[in-house]
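A.B. asks: So the chains spell out like this:
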Amino acid sequence: MNYEAVIGLEVHAELLTKTKIFCSCSTEFGSEANTHVCPVCLGLPGTLPVLNKKVVEFAVKAGLALNCDISNFSKMDRKNYFYPDLPKAYQISQYDLPLCKNGYIEIELSNGEKKRIGLTRIHIEEDAGKLLHENVDGSLVDYNRTGVPLIEIVSDPDIRTPEEAYLYLTKLKSILEYSEVSDCKMQEGSLRVDTNISVRPVNSKKFGTKIEMKNINSFRAVERALAYEIKRQSKVYENGDNVIQETRRWDDQKGITEVMRSKEEAHDYRYFPDPDLVPIIISDEWREEIRRSLPEMPEHKKARFIKQYDIPEYDASIITSSKPLADFFEKCVTEYASAKTISNWIMGEMMRLLKETGKEIDEMPIKPHQMASLLKLIDKKVITGSIAKTVFEDMFNTGKDPEKIVDEKGLKQMSDVSQLREIAIKIINDNPKSVDDYKKGKDKAIGYLVGQMMKATRGKANPQLANKLLKEELSK
Amino acid sequence: MELYELTIHEIHDLLLKKEISAVDITNDFLKRIEDVEPKVEALLSKTKENALDEAKKADAMIKNGDINDLTGIPVIIKDNICTYGIKTTCASKMLEDFIPPYNATVIENLNKDGAIMLGKANLDEFAMGSSTENSAFKVTKNPWDLSRVPGGSSGGSAASIAADEGAFALGSDTGGSIRQPASLCGVVGMKPTYGLVSRYGLVAFASSLDQIGPLTKDVTDCAIVLNAIAGYDPKDSTSVNNVRLDDYKKLLNKDIKGLKVGYAKEFFGQGLDEEVKESIQSSLKLFESLGADVVEISLPYLDYALAAYYIVSSAEASSNLARYDGIRYGHNASQYDDLVDMYMVSRSEGFGKEVKRRIMLGTYVLSAGYYDAYYNKALKVRTLIRKDYERAFKDVDVIVGPTSPTVAFKIGEKTEDPLTMYLADVYTVPVNIAGLPGMSLPCGISNGMPVGLQIVGKYFDEGTMLNAAYAFEKAFNFNRKPSFKGGNNL
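One line per chain: the protein sequences are A and B, in this order. Here our numbering is used: position 418 in the first sequence is 418, and no number is missing along the way. Take the position in the second sequence, starting the count at 1, then add 1000; the result is the number in our numbering.
No lab work stands behind these hints: they were computed from the structure. One or more of the hints may lead you astray.
With the Cβ distance kept under 7 Å, some of the chain B side facing chain A (calculated, not the full set) [to be verified]:
1) Ser1319
2) Gly1326
3) Ile1327
4) Asn1332
5) Ala1333
6) Ser1334
7) Gln1335
8) Asp1338
9) Lys1356
10) Met1360
11) Leu1361
12) Tyr1364
13) Leu1366
14) Asp1372
Glycine residues also receive a C-beta, built at the ideal position from the N, C-alpha and C atoms.
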């Protein structure tokens, strides 16, 4: 029996407003515990929430970028439950009248096919605090995060494979970054993903029982977790059993999901409209004003890059996949004329190093002007292409200027003819067989000899000059 | 006449003429408090040192010519209004040691004007009650008869003014909690239109119904205090910003010829005490004699107001009081097994019976499967009641009737059956449901106890309402003071 997966994703993204959703505390990440708090976000007796207009603006922006209908009338509701990270014992969220509805994201599958994933809704809500259990007797709570504004983006259950889930998430992240409403840093918690998945026999119209997995900490891990669940659930059905509706935890180390400590019956959140807040009215004029303020979206930027910088679609696709990457590229182009060269370096060496070190582009210390300097050093033949790769890696790790690295490590290309001639003679003397091959007409042998010269000079020899001098000496 | 018997405007005149200082006044009131508190027990805390500091500051202000209506005037604050650095307990074990790190907006306003806080007044726990018997700490006595209740939930505020422990008090009114105790204690008490006075710093009971308001010795004082506390507050999203604020004192001009005064026939049904009824009917005749047109109106949905009120207020209260979990402030249990147990023990120990009753009621009406039948339905009834009033106000300018169906009852008389107590609010509750302004002032005596007349105005038309009260007050001339008789302390 063949099973297909039915997958829905709920993404929470922290909005990049300077202050919290209902008070004027800072939303800055990483500060000392309980330093960005006030009576309002601490839920002290007698305090009241006041909605931050920028939060609404950012949420509408995200909704427009994600092709949603923006509600003219929406409201805030209270979601009531008890937990130490929730000071008021209710979260102010939106229940039945969210800000945005009926959007979509288009993804491109590996076979080139385009697929639309629907978005059910986007709503605004406040974040809760953070609990710490390690190295303490009991638990500690940090309320810096309470009241940080979130948008919750709920997809339709249109996703059918783990690959589609991964593509959906990367596209969503890219659009949110481009809209400048969130920095989407999973490692800082500004982007969180919950997944729902069930399986059913292919062509069945009924839905199977779904399970929920919360807070998986990378897009690839989401992909892995979903793949595992599809196998697990299919096996359960094959054995004639039923899948139990529950919340499971993905263990990336072990590569399995486990039942989370089972909660008691599902929470009854007793939603009701928050009487401390008034309804939110988005006029057509305001909505259009926000639409006009939307920055250039990935699709447009890609098309523009192709045209403006004359780079192939493949390159443009990769470079515009993330806004920081696209911005880096464009800044480099203002300092160095050949866009294609920059693009090659980005897609080649830079992406390789980013992947290896697991860094994000904005954690990479190389500045656009340094990139340009490096390329100019190659052009001026101060260093060879292969040495440049070493320099680049050093720049990536230290942020130093390329000129400095070249100086410190003595990496300048050797172009002194007499110096190189000496080395060429030595290489010829050391490699009689290759010399013989060359004299017998094997042109490839010169490549080997040039290689030996590069090795002897640790890559610094000017390869064209090396080639020329070797040929000269060989013809003597 | 003693200093402590004077009204705000009378004390102000003395200060203006420099016949007396703010420190003098404060000392006089502080002594009065020491004299009568053992009998009345209206206060949960006294702020003597603070008061004298504030009095000195007020005198400095006055010396600089910086004097307004409330400078140097002593005030009593209900203990559910947050006062910076001063315990705010809501008469609950749950907040027994809570010291707010900030002031309610109304307190900031009074501080700016140079008013002098003498103490925090007793109330029914978390403002839930109609007799102040639900306080976790003490029972306040009615100064007119110490064996009777002062009403509630602002019983301490009302009793303290009736007993001349302050020149005015602030209370809060969710279902009648300013007006009913004012009626039972023979003072003036007023609830503004919802949204006129900031709720920031008022410990929330029912967010869509709560309002802070004044309790005073006369209508002029009431207008003065309203001037000081009314107005837009950006910290309160339900505070109105597009309403022209009047100088309420200037609108008191006595002439009410042609004023259309309505009374609802539904007021005079079962449960209304005969003598109270007679006082009200006499009051209507007095309005007529002053040139007003007294007209009968109908408010058919009034019958459902009490039920709608208890559903809506309990639902909101169950959510507003959920934050009292013992983690950041308040009572925390010492013995418990785990997190859930800690919540349950702390809250069971910290809250009194009536509060727990309403939290359970409120949780129930919001729960899955019941929301539509109760809460949602109550909200719709609310709209019907609002429409009743809107219809009536097309024909009349103010609506007049009894504040309370009875005069003050005996301590312990209604504590057996909660529903009996709830019926005490039957005339005041519809006003909160509709969000209209309402006030009570004395209009008679029955068996030695004061009777209160309720006047309700149109939205944001406090001026007309206060003026009608002012004209009545001048003509009726209540001029009676409590005698502190009865009770155990004699």
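A.B. asks: Against chain A, run the beta carbon of B/Gln1335 and see if the smallest gap drops under 7 Å.
C.D. replies: violated (15 Å)
A.B. asks: Does B/Ala1333 pass the interface hint, meaning its C-beta sits closer than 7 Å to a C-beta of chain A?
C.D. replies: violated (14 Å)
A.B. asks: When the nearest CB of chain A is found for B/Leu1366, is that gap smaller than 7 Å?
C.D. replies: holds (4 Å)
A.B. asks: Quick check on B/Lys1356 please, does its C-beta sit within 7 Å of some C-beta on chain A?
C.D. replies: violated (16 Å)
A.B. asks: At a threshold of 7 Å, is the proposed contact between B/Ser1334 and chain A supported by beta-carbon distances?
C.D. replies: Given a least distance of 15 Å, the restraint on B/Ser1334 is violated.
A.B. asks: So, as I understand it, the hint says B/Met1360 touches chain A; can you test that by seeing if any CB pair is closer than 7 Å?
C.D. replies: violated (13 Å)
A.B. asks: Report holds or violated for the interface hint on B/Leu1361, using the least CB-CB distance to chain A and a cut-off of 7 Å.
C.D. replies: violated (13 Å)
A.B. asks: Less than 7 Å between beta-carbons is the criterion; does B/Ile1327 satisfy it with respect to chain A?
C.D. replies: Where the cut-off is 7 Å and the nearest Cβ of chain A is about 6 Å from B/Ile1327, the hint holds.
A.B. asks: Holds or violated: the hint that B/Ser1319 contacts chain A, with Cβ atoms closer than 7 Å.
C.D. replies: holds (6 Å)
A.B. asks: Is the hint on B/Asp1372 kept, meaning its closest Cβ partner in chain A is under 7 Å away?
C.D. replies: This hint is violated: B/Asp1372 lies away from chain A, its Cβ roughly 11 Å from the closest one there, beyond 7 Å.
A.B. asks: Hint validation: B/Asn1332 versus chain A, beta carbon distance must be below 7 Å. Holds or violated?
C.D. replies: Given a least distance of 12 Å, the restraint on B/Asn1332 is violated.
A.B. asks: Using 7 Å as the Cβ threshold, decide whether B/Asp1338 counts as touching chain A.
C.D. replies: violated (11 Å)
The structure shown violates the earlier hints numbered 2, 4, 5, 6, 7, 8, 9, 10, 11, 12 and 14.
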